[in-house]
Amino acid sequence: MDGTIKGISVNNTSTEVHVRIAGRGTFQNGQPLRRYAMELLGRGCNEFFVDLNQCQGMDSTFLGVLAGIGLRLMQPGHSGKIHIVNVSPRNIELLQTLGLDRLFDVNVVGRDHTHHSFPSEIDFQMLPDSDPVDTSKSLNKRDTANFMLEAHNNLVKADPRNAPKFQDLTKFLREKVGDQQPPNPPHHDHSCLNAPKETHP
Amino acid sequence: MREFRIEQESRGNIQLIHLQGSLDMYSFPRLESQLQTLFQQGRYYVMLDCSQLDYIGSAGLGALIGFAKQARDHDGDLKLLRVPERIYKIIELLGFTKVLQVYTTEEIARASFQKP
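Sequence order for the protein chains is A and B.
Numbered by our numbering, the letters in the first sequence go through residues 1459 to 1659 in order.
Numbered by our numbering, the letters in the second sequence go through residues 33 to 148 in order.
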């Protein structure tokens, strides 16, 4: 572990939103980002700049949140775009794999030059609950399933070729969202954490 | 961040795959390819040793559900072994423990296969 602070820091003006991701973008810190972005979209912010310079990677749910912002900006009444800057070769591959490089304005490290200047570090604020290491205990299972389903639906809307990639996950999440059963009681037998006892031959 | 590594060994008819590093969208295709090869060979008894795994992404977990179902359709299974607590919390939070069996010891995991 290095000592770098992980999480999502943000800054906004009346029209522009700046987002910096340090560490991983995951289903955990995707939720506070979504809330923040939706609020600012509602206030009329139409240009989103996402800096991936310190981003080690993103999971599909987090990418689905970014896709959701991009799709929202394409709707009537919005005229902006989501700009992804300082994208590493590893992260551009992820974006390309999911077809998001066509939804976003992508600026790759060492390949493209951005003319946009980010505010200074001191003007950014850390989004609450955006360190993925600290957030999982505070998440609600059903809300998380709904959130993940929406994120993956966004990926399919952004590029229908994503549908088969996530079909097992979205099917599971759809069933989970419709599942009204209460959560499982805590396990005390740790030899097998969740397997049915009768599966021994 | 540790580089993702996969090592496979046989335990009788059961394939034990050791995972190390981060299993994310970038590295998952390697595991996917390995599992597809095993299934093409008719090897449907698989254990994934997660003890050296630092991270697993949501899409990777979702895809493992598909592989577990595919294995079960052929009277096999795909089980997770020695999952670090931090990753187990994620698996549990997402509800994947309902479809992916998680074990703390290899012996009990091996015994749980119905027809190894």
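It is possible that part of the hints are untrue.
[What the hints assert, rightly or not] Cross-link-like lysine-lysine pairs, in silico, DSS-like; alpha carbons within 25 Å at most:
no. : chain 1 : residue 1 : chain 2 : residue 2
1   : B       : 101       : A       : 1629
2   : A       : 1623      : A       : 1599
3   : B       : 130       : A       : 1464
4   : B       : 101       : B       : 121
5   : B       : 130       : A       : 1599
6   : A       : 1629      : B       : 121
7   : B       : 130       : A       : 1539
8   : B       : 130       : A       : 1615
9   : A       : 1464      : A       : 1599
10  : B       : 130       : B       : 101
11  : A       : 1615      : B       : 121
12  : A       : 1629      : A       : 1615
13  : A       : 1629      : A       : 1599
14  : A       : 1539      : B       : 101
15  : A       : 1615      : A       : 1539
16  : B       : 101       : A       : 1464
In case anyone wonders, no lab produced these hints; they're calculated from the structure.
Comparing the hints with the structure gives:
{"no.": "1", "hint": "101/B <-> 1629/A", "verdict": "holds (12 Å)"}
{"no.": "2", "hint": "1623/A <-> 1599/A", "verdict": "holds (23 Å)"}
{"no.": "3", "hint": "130/B <-> 1464/A", "verdict": "violated (31 Å)"}
{"no.": "4", "hint": "101/B <-> 121/B", "verdict": "holds (22 Å)"}
{"no.": "5", "hint": "130/B <-> 1599/A", "verdict": "holds (13 Å)"}
{"no.": "6", "hint": "1629/A <-> 121/B", "verdict": "holds (21 Å)"}
{"no.": "7", "hint": "130/B <-> 1539/A", "verdict": "violated (40 Å)"}
{"no.": "8", "hint": "130/B <-> 1615/A", "verdict": "violated (28 Å)"}
{"no.": "9", "hint": "1464/A <-> 1599/A", "verdict": "holds (23 Å)"}
{"no.": "10", "hint": "130/B <-> 101/B", "verdict": "holds (12 Å)"}
{"no.": "11", "hint": "1615/A <-> 121/B", "verdict": "violated (30 Å)"}
{"no.": "12", "hint": "1629/A <-> 1615/A", "verdict": "holds (16 Å)"}
{"no.": "13", "hint": "1629/A <-> 1599/A", "verdict": "holds (16 Å)"}
{"no.": "14", "hint": "1539/A <-> 101/B", "verdict": "violated (40 Å)"}
{"no.": "15", "hint": "1615/A <-> 1539/A", "verdict": "holds (16 Å)"}
{"no.": "16", "hint": "101/B <-> 1464/A", "verdict": "violated (36 Å)"}
Hints 3, 7, 8, 11, 14 and 16 from the earlier list are contradicted by this structure; the remaining hints agree with it.
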